[in-house]
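Protein chains: 2
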Amino acid sequence: MKRTALIMAGGRGERFWPKSRKALPKQFLSLTGDGKTMIQLTVERISPLVELEDIYIATNRDYKHLVLEQLPGIPEENILCEPVGRNTAPCIGLGAEHIARKYGDASMIVLPSDHLIQYTAIFTNTLKAALHVAEASDNLVTIGITPDMPETGYGYIKFNSDEMMGSAYAVERFVEKPNLETAKQYLESEQYLWNSGMFIWKVSTILKNMERHMPETYQGLNRIRDAIGTAEQESVLEREFTAFKSESVDYGIMEKAENIWIVPGSFGWDDVGSWLAVERFNKANEFGNVISGDFVTIDTKNCILQGKDKLIATVGIRDLIVVDAGDALLICQKDNAGSIKKVLEILNRSNRQEYV
Amino acid sequence: MKRTALIMAGGRGERFWPKSRKALPKQFLSLTGDGKTMIQLTVERISPLVELEDIYIATNRDYKHLVLEQLPGIPEENILCEPVGRNTAPCIGLGAEHIARKYGDASMIVLPSDHLIQYTAIFTNTLKAALHVAEASDNLVTIGITPDMPETGYGYIKFNSDEMMGSAYAVERFVEKPNLETAKQYLESEQYLWNSGMFIWKVSTILKNMERHMPETYQGLNRIRDAIGTAEQESVLEREFTAFKSESVDYGIMEKAENIWIVPGSFGWDDVGSWLAVERFNKANEFGNVISGDFVTIDTKNCILQGKDKLIATVGIRDLIVVDAGDALLICQKDNAGSIKKVLEILNRSNRQEYV
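Respectively, the protein sequence lines represent chains F and X.
Take 1487 as the starting number for the first sequence in my numbering and just add one per residue.
Take 1487 as the starting number for the second sequence in my numbering and just add one per residue.
These are calculated hints, taken from the structure and not from any lab test.
Treat the numbers as computed from the prediction; the structure is a model and nothing was measured.
Some hints here could point you the wrong way.
Identical chains share a label here; the pair holds if one copy fits it or two copies do between them.
[To be verified] DSS-like mimics (lysine-lysine), calculated; alpha carbons at most 30 angstroms apart, straight line: (1) LYS1508 - LYS1644; (2) LYS1508 - LYS1796; (3) LYS1670 - LYS1550; (4) LYS1694 - LYS1769; (5) LYS1794 - LYS1663; (6) LYS1614 - LYS1508; (7) LYS1505 - LYS1787; (8) LYS1731 - LYS1794; (9) LYS1588 - LYS1644; (10) LYS1522 - LYS1796; (11) LYS1769 - LYS1742; (12) LYS1787 - LYS1828; (13) LYS1670 - LYS1731; (14) LYS1820 - LYS1694.
Based on the provided sequences and hints, a complete structural model is requested.
Structure below.
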């Protein structure tokens, strides 16, 4: 069966300000020190399984030029531009319709564009295992990450360890981000995995489920599909997509569907949720500092330091994140990384769009 | 009696890096938020007592262009350029010879160029009182600051509270920077004032004392004086001044001379010894931050923030000094302000002269 992939790259994350901006979200940034952007790494990672011409990128139309620039090997017609963000369900539906139109049926790997994975061979093999389950029947397959801490920032998936198909376990339910107490119970129970946001299914399977669980969206997607290649393609997409209810595929489909399976992944996954992630995938020096750029450090410990074109000297500081983006610079205590969005609120309120 | 002033402006302070550089020392910086540089404020402060044409500036020749730029009212021939720094005694001797050559005798106020004074009227009156004592006889007069803490960074002057002349007390001795225990004893004794580095005397008096206590320097100064206005002026200055022993006027003369008097000054004196001084003479906002430049602050307290041309956002930080100088930026914990010189050591060692 033809194997395709849909990479979701419409996000406008604020947590990597000042490097990320509305005009340059996280997936288009290089954060790993190898010069490759998150979306380039995502394509590179999937390319042993899927031909470049079968990789689709769903993004906001504001970012089409970034995709073209960063991924010159992807055919332009595979860049699916959402007129507005409507969460993952409409995005996946749009991708599925495009693939169905080209191939009839095919298997489809859905991936976020802004995660990092350390062990790519294990990742590839995990996806292969998931594909086998997805292609065997009308199964919806997801990749679950084995938790190593009671993280409250992720959704969890409960599985049944007694019911297996290949390497996959039967999914009992999807649950929202828990509080700390609940997250601890999940870990102890050994019955929950983190929801990685990666899905594997046949195009026919996801569309059948969309027809059943999100019928209005499904009708709109069909109208979009019928207009592809016609003069009305853009106007129909604009009208129908804008009218979609904003819905995640987790809530809109996975929490309601049957035949859901999960393959546990152990490939060093990181959702790169904030600047703190930089410490996890870059080696710190003997003082606990992760440094890129032109820094002179005196008595400086456990800091994340990202410079640009100016010399930055640090003296006597601890546990700070310093990021120079050229026109703007951030100095943030690590414990307060979550408050970076407040900077953006202030910049928005004071109409300083050039910095947002 | 003609009243003149010598402003000593040869210092190369490192403690205001990255704003201060070898090519732009502290006395040529504006640190008070009113746009005026330290040396401009010094001249402004002395001008009720001394005509502009009788104010002399002693500086390193590297800084002559800065003096000309910042003090256009001072005659160019009053800018006395030291070929090298030889501490305060040769500097003051050079000034005294120039004044003596022009006026025969005159009273002479010697002032550092990089201190701040809050109450200028009290300052003026204090100097007037000192001038009366200096002009009355062959007295060497200094201004002492009443200590408000056991500071270990200043020299102290012991005075005799029973022996007065006008507003001045007889000086018993000059002492070097004490340790904390000794400094506490000084405060308790009520017999010590801080050495402010400001002196008032007649030109004839200081030259007589120089002849007696620093005879070699005095001979060299006479040779420099004889060459003024001749074709050899520069070469003689270069040769003689370079040969001088580096000596402070405190050690070379004041610790040995007689007839020393001290006038206590209570005019809000600050030697502006480090970035921490910025807090003392600029009003902090409700969060204890002293801010100049383009900052967005979230949960930021008790910081000194000096921006330049880029937006700087601070999140969750405490007790930091942040100074953007354009090509270089400093982030320093307040307690570690003394370690800024280590940054300069590293820059020097790595031959990055453009930043020093």
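> Going back to the hint list, which numbers does this structure go against?
Replying inline: 1, 3, 4, 5, 6, 8, 9, 11, 13, 14
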